[in-house]
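Produce the entire structure from the sequences given, and follow the hints as far as they go.
Residue numbers (UniProt numbering), protein chains in the order written: chain A, 1 to 291; chain B, 1 to 429; chain C, 1 to 277.
Derived by calculation from the structure, the hints in this document are not laboratory data.
What you are looking at is a predicted structure, and each value in this text was computed from that prediction instead of being measured.
Where hints are given, some of them may not hold.
[As the list claims (entries may be wrong)] So the derived label-pair ranges between C-beta atoms look like this:
#	chain 1	residue 1	chain 2	residue 2	range
1	B	Asn427	C	Thr135	33 to 39 Å
2	A	Leu101	B	Ser36	50 to 56 Å
3	C	Arg43	B	Tyr378	39 to 45 Å
4	C	Ile78	B	Ala50	30 to 36 Å
5	B	Glu243	A	Leu28	56 to 62 Å
6	C	Thr135	A	Ala279	28 to 34 Å
7	A	Pro145	B	Lys172	26 to 32 Å
8	B	Asn427	A	Ile13	52 to 58 Å
9	B	Ala50	C	Glu134	31 to 37 Å
C-beta: ideal position from N, C-alpha, C; glycine also.
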Amino acid sequence: MGKIHKDWGASLILLLPGLLLLGAFIFLPLVQTIVWSLFRQEVFGGPQRFIGLSNFSEIWADSTFWVALINNIQFGVLSVVLQVGMGLVLAALLDRGVRRLKVFYRTVIFAPIVVSTAAIGLLWSLFLDPNIGPIQDWLSMLGLPHPRNGILGEPDTALYGVIFVGAWQYTGFMMVILLAGMQSIPEELYEAARMDGCKNIRAFFNITLPLIRNVIVTAILLTVISAFKVFDLVYVLTNGGPGTATEVLASYIFRNAFEFSNIGYANAMSVVFLGIALAFGFVQHRLTRRW
Amino acid sequence: MQLSKTLKTTALATGLGLALSVPTLAQELKVWELSSTSEGVNQNWEDVIAQFEAEHPGVTVKFETFDGESYKKGLAVALASNNGPDVFFNWGSEDSISLARNGLAADVSELGEGRWLDYIGEEMLGPFSMDGKAYGVPTHSIAVYMYYNKDFFAENNMDFPKTSDEMFEACKKVPEMAGGSAFTVLGNKDQWRGIHYVSMITSQYVGSENMLKDMRLLNDADELFTDPGYVKALEFIARMEKEGCFQPGVNATTADMSDAIFTSGGGMSDYCGTWCASGFDRQGFEGKYAIAPFPAISDAPKENQNYILGLTEGFQISAKSEHKELAADFVSLLLTDEVQAQRLVKAARIPLNGANVDQYADEVHLTIQEVVADLPNYDGFAPILDVDLNGKLVDVYKRGIQDVIDGRTTPEELMATVQEEARKIKNAM
Amino acid sequence: MATNLFPKTRKLAFFMHLFLGAYAVMILFPLSWMFIGALKSQREMFTNPIGLPESPNWSKFAEAWDAGVRDYFLNSVIVSFFSVLLIVFISAMVAYALARMEFPFRRTLYLLIILCFAIPMHAVLVPVYVLLSETNLLNTHLGLILPYAAFGLPFSVILMYSFFYEFPSELEEAAKLDGCGPWRRLWYVVLPLSKPILVSVAIFNLVSVWNEFLLATIVMTSREVQTLPLGLVRFRDQYATDWPGMLAAITMGSLPLLIIFMLFQKYFVKSMAGMGK
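What follows is the structure in structure tokens.
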């Protein structure tokens, strides 16, 4: 390894296309978002008026913003429980549990990842539809309480419905990440532990879990970060409704910018959003010390 | 095969010849319109464009269409950039006024003489006007009616209710007579049908004039949406839900699905726009429905009752357009008696003046004929809350209506939120 | 021979298979409901939401294909192909420069790229939209390809950097002695030996670009240029009550990547598992 060339010109040529792309689509917009958050603007291309930090004080007083933020947090916490929790169980069963059909299970459980979230949202919105979806029928067949407007139509259940569909899609992803971590644990460790009389479930808690700690932390962070970025699912399944029951930050920013013509305000919320994203990014960087 | 190739070559040669003869005059007029799945509408546009191009040699019309949601989103951006349309469709409402306010729509007050003012009165430009200047021209109108199941009401010797008292009675009677089918349907999952209902009811309680003042935020910040009629209107729709006027699951049913429920007999009426008739026909319901105005609300002021929910739609010209005169000619063409009649026949667009209509009576959809005959009877349009109001307010309002129907929010609570939001927006202006 | 986590009784194995099997059914059932629903009549969707259709009706697939799915599919192929191509080559170039070349602000640049990785597209949507509008890129394939490439770069660079960093430099030294410049060393020596990481980066980005929805929603407003995820949602808005047609469209929209996944599932799993490293 090592730096074998000190050709600045060649470096520049290698870097230039990448730098242009990052500059134009990430850095410049980053600065613009921050600057424009201090302005009021009604239509794209329309006049901008400087209003200082008013957008931010408006955010403070905007109950929908807080509803959205709390929904994101709920989304994050429940997704960690469902996706990472279930992912761990599934990975453990595939790693040292069953012997047959491993590839079949892994393939099936992982498959939803390659289907677009929009398509999955469309599928589940029909699947959960009170008029044509089977879920409603099953619930009533089992004598379970079933909301008249469907799971996605009732504000008390809609968010959980969306979180469930998210978990349906992403648990396989978490399982694969965790499984890769488990499989990199050297077999000798288990052998040695068995000599000491530590096996089965105890081996899982004493060996597997501690050794894949970093992978679990990464899995949790990935889940939380994507919970804060969730948009497609909400847009397709509920469009934030009923009422504002499933509003999340990304959908609320999107609607402020492109539906309410509240562009400066959308930028101000983006700045808050950015702060959250960078904080998580920092934590991830620190905890995993990957780079 | 051989023949068609020859034909093509000839056509190409002719086309080249024509292009060569007027090369310096070549101009392009970009027109934006909503996309439509109706063949009649699309055919009509082809005809109109062909006529325009024939009348203006050297001009080609570039006609581009977008679906509703994309249209609203993309329009302002395109207008601000350099590749926007010259002429574009818009609703005669806050949508067109906000473009005017932000300098994106051209002032067309001076362009009307010898053009559209030959066909329509200046007062019709109202919905497209701001501070006494016109920023757009209406070309047709839409209105919302109660479509009802003709056979059902005839078989049971019932008239379609004319007042709210009769309506609430029908809400009780219809399910008994129709094996559980509801008096009417409401598909409010996508939220706009509910706000249409509330718009109509509110206009009866509050009055169109007063409503518009609130909607355009012209009243004092502290007085916006404080008329008690707003609350009464919400109470009215909550009562309709409570007394079983609608099919079950209002907020879980999409607008399209509610129409399907109406045509399949799951509900005996449907509050739907003039554009709905062709959809009902496609679902095999042709000739089986009739239209009636929304019932008059018994405890609302009499003078507010003669309005119908609707608005005019039309075209605006981009402030950046380099072909404003041409664009004005195009808009004007849409208003000539001949084109208005064609648009009525082919595209079911309701003309602004009824001149010339009788001539085509037998070609026009029956329902549309009824509408054309009926519209002049009203004092005016009741404003539609989701087109003539700030986007954020619309959102609060229509989501709140879902909550009111489900009983999670009281009408008072929702209006308090709307007032608060309106005050904030007004103060920020 | 791996030791098992649980005692190897038949009973336990049975329960583990039962659990995994039930989970697999939970995944497979909605997917097969989608496929079978596409073969039903509109009426059957209402009257018989779970069962099989009486006489399968295959025509919905052709109808949906002609009603727009074909165009959406082509657009997705174009956008995904060029985005992934750009990402793979540009990130290889950047990662190579970072790992092998010496230039001022190298470390700063690396930190900036890590920073970029943390910035979600959602947070800079408005300026990106304005930029695309000012450069007349709205409603063009390029208008999606360029931002997709930009947002795909940071993570890809990070992955490739760690690969190149550990790449033995002897071969390159030899090539250098033969007079090869950095460009030729990258092209003829490093890249051919980096296939696993290139495939990983390509697959990872293909999955995210093929399925991207948010930016596509605001950039592609004309129907003719819309990509699959967006097209499917618009398809619903337009044919809302044609449920079998809707399901046929979703099925066709999901199949291409599912088939590629089935064929190359080992690579997919490896590529995605790389996220957790």
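Going down the list of hints, with the structure as the test:
1. B:Asn427 to C:Thr135: 33 to 39 Å: holds, 37 Å
2. A:Leu101 to B:Ser36: 50 to 56 Å: Because 52 Å falls inside the window, the suggested range holds.
3. C:Arg43 to B:Tyr378: 39 to 45 Å: Holds, since arginine 43 of chain C and tyrosine 378 of chain B (Cβ atoms, about 40 Å apart) stay within the stated range.
4. C:Ile78 to B:Ala50: 30 to 36 Å: Holds: the Cβ-Cβ distance is about 33 Å, inside 30 to 36 Å.
5. B:Glu243 to A:Leu28: 56 to 62 Å: holds, 58 Å
6. C:Thr135 to A:Ala279: 28 to 34 Å: holds, 32 Å
7. A:Pro145 to B:Lys172: 26 to 32 Å: The hinted range 26 to 32 Å holds for proline 145 of chain A and lysine 172 of chain B, with Cβ atoms some 28 Å apart.
8. B:Asn427 to A:Ile13: 52 to 58 Å: Roughly 55 Å apart at Cβ, these two residues keep to the hinted range, so it holds.
9. B:Ala50 to C:Glu134: 31 to 37 Å: holds, 35 Å
In the structure shown, no violation is registered for any of the earlier numbered hints.
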